[in-house]
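Residue numbers (this note's numbering), protein chains in the order written: chain Y, 1 to 482; chain A, 1001 to 1482.
Heads up, some of the hints might be wrong.
In silico SDA-like cross-links for lysine to any residue, where the CA-CA straight-line distance does not exceed 20 Å [claimed, not checked]:
hint	chain 1	residue 1	chain 2	residue 2
1	A	K1393	Y	V51
2	A	K1393	Y	E29
3	Y	K393	A	R1055
4	Y	K393	A	K1473
5	A	K1473	A	I1184
Sample of chain Y residues with no beta-carbon within 12 Å of chain A, all distances over it, derived [said to hold, decoys possible]:
hint	residue
6	G48
7	H72
8	T75
9	H77
10	G90
11	T91
12	V146
13	A298
14	D450
15	I457
16	D462
17	D470
18	R472
Honestly, the hints are just simulated from the structure, not real lab data. Since this is a predicted model, take the numbers as computed values, not measurements. In this text, a Cβ means the ideal position worked out from N, Cα and C, and glycines have one as well.
There are 2 protein chains.
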Amino acid sequence: MLYTPEHAPRPLTEENEAQVHEYAMRICEEIGLDVLHQDARKLLEEAGQKVDGDRVYFDRGFVMEQLANAPHTFTLHARNPQNTVEVGGGTTLWMGVGGPPFLSDLDEGRRAGTLEGHDTIIKLTQAASPLNCAQAGACEPTKMDVNTRHLDMEYSTLRWSDLPYTTYGTSGPKARDGIEMARIVHGGDLGDRTALMGVVNSVSPLIWDFRMVDAMIAWAESNQATVVTPFLLGGATAAVSVAGGLAQQVAEALSGVAIAQTIRPGAPCLYGSFFQATDMRSGAPALGTPESIFGVFAGAQLARRYGLPFRGGGGLCSSNAVDAQAAAESSFMLWATMLAGTDVVLHAAGWLEGGLTASLEKFALDVELLEQLQIQQEGIGFSEEEFAFDALKELGPGGLWLAAQHTMDHFREWQYISPLFITQDFTTWSAAGGEETAARANRRWKQLLDTYEDPGIDADIDAELIAYMDRRKSEPPPIEDD
Amino acid sequence: MLYTPEHAPRPLTEENEAQVHEYAMRICEEIGLDVLHQDARKLLEEAGQKVDGDRVYFDRGFVMEQLANAPHTFTLHARNPQNTVEVGGGTTLWMGVGGPPFLSDLDEGRRAGTLEGHDTIIKLTQAASPLNCAQAGACEPTKMDVNTRHLDMEYSTLRWSDLPYTTYGTSGPKARDGIEMARIVHGGDLGDRTALMGVVNSVSPLIWDFRMVDAMIAWAESNQATVVTPFLLGGATAAVSVAGGLAQQVAEALSGVAIAQTIRPGAPCLYGSFFQATDMRSGAPALGTPESIFGVFAGAQLARRYGLPFRGGGGLCSSNAVDAQAAAESSFMLWATMLAGTDVVLHAAGWLEGGLTASLEKFALDVELLEQLQIQQEGIGFSEEEFAFDALKELGPGGLWLAAQHTMDHFREWQYISPLFITQDFTTWSAAGGEETAARANRRWKQLLDTYEDPGIDADIDAELIAYMDRRKSEPPPIEDD
C-alpha cells in the first residue's frame, strides 16, 4: 500500500489536537447543544446532564465515557456474505452519490430524479470495480409520494445490488422502514448484526433536531451504524476559520455519538466530516477548495484520535458541468480521501453541481479517477522480471523497447490503459470532431452499465419486500416530527 | 507546511532502493552507455573507465565517487537578487511550460508558436504568484531561423522576467550563447556564480548524444546547473515495468552526473525524472497515469538517496483540450509534484496535448491548481481568533454564522475564493449560456496578463544583449553535431 493512514498528511500538531479538543469540550459544557427530542433529553438528564429547555449541557466526562463505549471497528453484513466488511479495519468503502433531487446525462439533459435513474446508479455502483458499497437515495424521484418513495429507493438498493449499503433514513419512521427491509433481506432476523449504515447531520451550529435524533435512536436500538456528520459550511453553518469549524465539528460529532451510546452502549458510530467553505459571492458551498481538503485530513486525524471509523471526502465538486473545474475539484477531493485513509466515503461517484445533480457522465469520470487512485495505492511491483535487466542487456543502448518481447509480454498486465482518457494526436482527434471528455464519459457509463450483472434475489424474500412496501404504502403517513 | 519531503509517499522500501541501485550499477558496468562525444569519452577513459568504440562501461566506484562531488544544494542567482534561491533548500521552483512547437488560445485557436506567444508566456510566468521561475522555450517560434531563434527566446526570458530561469540550450553552441547572455545580464562577469539551469535528456535507452553532452560540458565548465533527465516512456524508451524504468533512470541519470563531474567537480547537477507510460493504442506518451505518479514519488525518493536536488512532475497531461481529462491528469501530477517535495518543476503551467501545445487557457487552469495546492501547503491557522469560541457563544445553537461579525471580519482573509472556479446555481448559470471552465480560463489569463509589471532592465545591458544577438545572427551557423 502506497498511501497509509500512518503517513497521511496531518494538519494538526499534537498541541493543535489538544486545543481543538479543549474548545470542543467547552462548547459542549459552556454553550451546550439544543436536542429537539424530548425522550432523548430525558435520557440525557437521567444520565446526569444539565438540561434547560431544549438545551443540553454535555459534561466532558460524560461525553468521553460514552465515546469509550463506541467500537473502533464493526462488521457490516451484506446480503451477499462475500461483501461483508469490517468497517474501520483498513478497507475503504466507496459509494455512489446520494441525495440529489436532479438527474442528468448528455442524452436527456438535466431533469427531476426518477426511480429508474436510481436503479441505474445502483446498477452502475454494483458494476464499477472501484465501488464496493451502495447508497440509497442515489437520486430522489421527486415526483413520487414523499411519504413512501424512501421504500422504493431502499428496495432499489437492496434488489439491484448485493453490496453493503447506506440506508436512506432521513427520519425515525423512514429509518425504521429501512431496518425492517434489512431484516427481511437477512432472512427475517438480524439479531445483533449490523446490516446498514445511516447518516445523521446536525443542524449546525449545535442543534440535533427531532428527525435526526429519532433516526439515530432507531439505528442505535437495533445496533445499526450511525454516521454522525456535522454539516459544516465555513461562514454559513460554522465559523469562517477552519480551526473554529473543527472545534464545532468535534462538539457536534461527539455529542451525537454520546446520544447514540446513551441509547445503546456499543452501537456502531462513525466520526463523519462534511466540511466545506462558503463562496461569499453566491452563498453556495465551495467544494474541493483548500478548506475541503483540510476538512478531510483534519477530520481523519480527529476521528483516529477519538478511536472512531472515519467518514469523509468523496468526489465532491461545485461545477455545473463535467468540465475542467469538476475534474479538478473531484481529483483533489478523491485523492485527499484516499491519502487520509478514510474508512467510509459517500458520494465518491456521480456528484455534480454541489450535490444537486446525479450526473451519469460525472459517475464515469469519478470511477476513472478512483481506478487510477486504486492502482496508485497498490504501489510498484519489484519482481526480477519487472526489473527487466536481461531484456535491456539484449536490447543494448538505442534498442527499441517498443519492439521488445518483454514489452509485448507484459504491457497489458503492467501498464494502465484508461478507457476514458485518450492520447490521440491532435490532428486525428480534431478531424474526428474534437470530442471532449464528457462526451466520451457518456459512452463510458453505458459500457459500464452493459457489464452489470444482476446479483439476483430469493423469490420469497423479494415477495416479502414488495409486500412490506405495499402494506406501508396503504397505511397513513407516519408522523415524522414532534 | 502540511506536505513535507519526510512524509512524502515512498513507493520503494529500503530493500527496493537497494535493488534499483544494484540493477542500475549493473547496467552501467555490464551493459554500458554509448557516449557520442569523443572528448567526453577521452576524459572518461583517462579517468579509468573502459571504453570500446562509443560504448563506455561506467565502473560503480567511479560513478559514486563523481556523484559525491555534486553539491546537495546550490545558489541559483537571478538578475533580481531578491529572486535568488537555494535550489534543494526547501523552496520549490515552479516554471511555465517549455518546448511546444504550437501555441493555442480560444481566440486564435491552435497555431505555430511565435515569439510574441513566447513573450506572453514569460510575462504570465512573471505575473502568476504561484510561479517563481521562468523557462526559455515557452513555445517554439517555428517560423524563425532554427539556428538563431534560441537567442530570441533567451532574450525574451531575460528581458520580460527577472526570475531565476532555465535556459534553452539544446546543443553546445546554444548552451554557450545562453551562458554569454547570462554573463551580460549579470554585469559581464559571472565568476563561479550559477545563473541558469539547463536540461539534458539522455536518448533512452542508454545513449548520451553529442548535442546533450556538449551542452552539459558547456554548463559544467562554467559552473552552471545541469538537470540530468532521462526521457523515459515505459514500453518505448524504457521497459514497460516501472521497476525496470527506475533502474534505467538511475543508470542514465548518474552516468550523466558522472560526465558533468568529470568536466568540473562540484558543478551543480539535478536528478531529473521524466517518467511516463506509453499508450499502446496510439504509441503516444500517456501522462498523469499511475505510472507518472510512481515516477514522481520514486524519482524524488531516489534523488534524495543520491543527495541531489530533484527535478520532476509538472502540470503534464495528454488531453488535447482544456477539459475534464486535462484537469484530472494535471491535478494528479501537480499534487504528486508537491507531495514529493520536488525541488524544480518544469512545465508546471500551460502544458497541453502531451507537450505539443502551449495553451494559455491551460496556463490559467494550472495556475489555479497551484494556487490551491500552495494554500493547502500552508496548512491550518490555529490562533485564538480562528477558534472563534466567543463568536460561537454569542451566536448559540441555530445562530447565523453568515451574519456574524466574525465572518464579516475574516472571510476575505481566511477563505479561498477562486477567480476561475464558480459555485453559481445551475439555473442562473445555464440561462447565461452554461459557460464551461475553458471559456472562463480565457478571461483569466488575460486578467493575469493585465497584472504583469515589466521588471525593467538597465539600458546598457539591454543594448549589449541586442548587440550580442545581432552579432551572432550575422555569423555563420555553428556546427552543433560531431
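Now the hints, each set against the structure:
no.: 1; hint: A:K1393 to Y:V51; result: 17 Å, holds
no.: 2; hint: A:K1393 to Y:E29; result: 11 Å, holds
no.: 3; hint: Y:K393 to A:R1055; result: 13 Å, holds
no.: 4; hint: Y:K393 to A:K1473; result: 45 Å, violated
no.: 5; hint: A:K1473 to A:I1184; result: 17 Å, holds
no.: 6; hint: G48; result: 21 Å, holds
no.: 7; hint: H72; result: 24 Å, holds
no.: 8; hint: T75; result: 30 Å, holds
no.: 9; hint: H77; result: 33 Å, holds
no.: 10; hint: G90; result: 17 Å, holds
no.: 11; hint: T91; result: 19 Å, holds
no.: 12; hint: V146; result: 22 Å, holds
no.: 13; hint: A298; result: 7 Å, violated
no.: 14; hint: D450; result: 20 Å, holds
no.: 15; hint: I457; result: 36 Å, holds
no.: 16; hint: D462; result: 37 Å, holds
no.: 17; hint: D470; result: 36 Å, holds
no.: 18; hint: R472; result: 33 Å, holds
Checked against the numbered hints above, the structure breaks hints 4, 13 and satisfies the rest.
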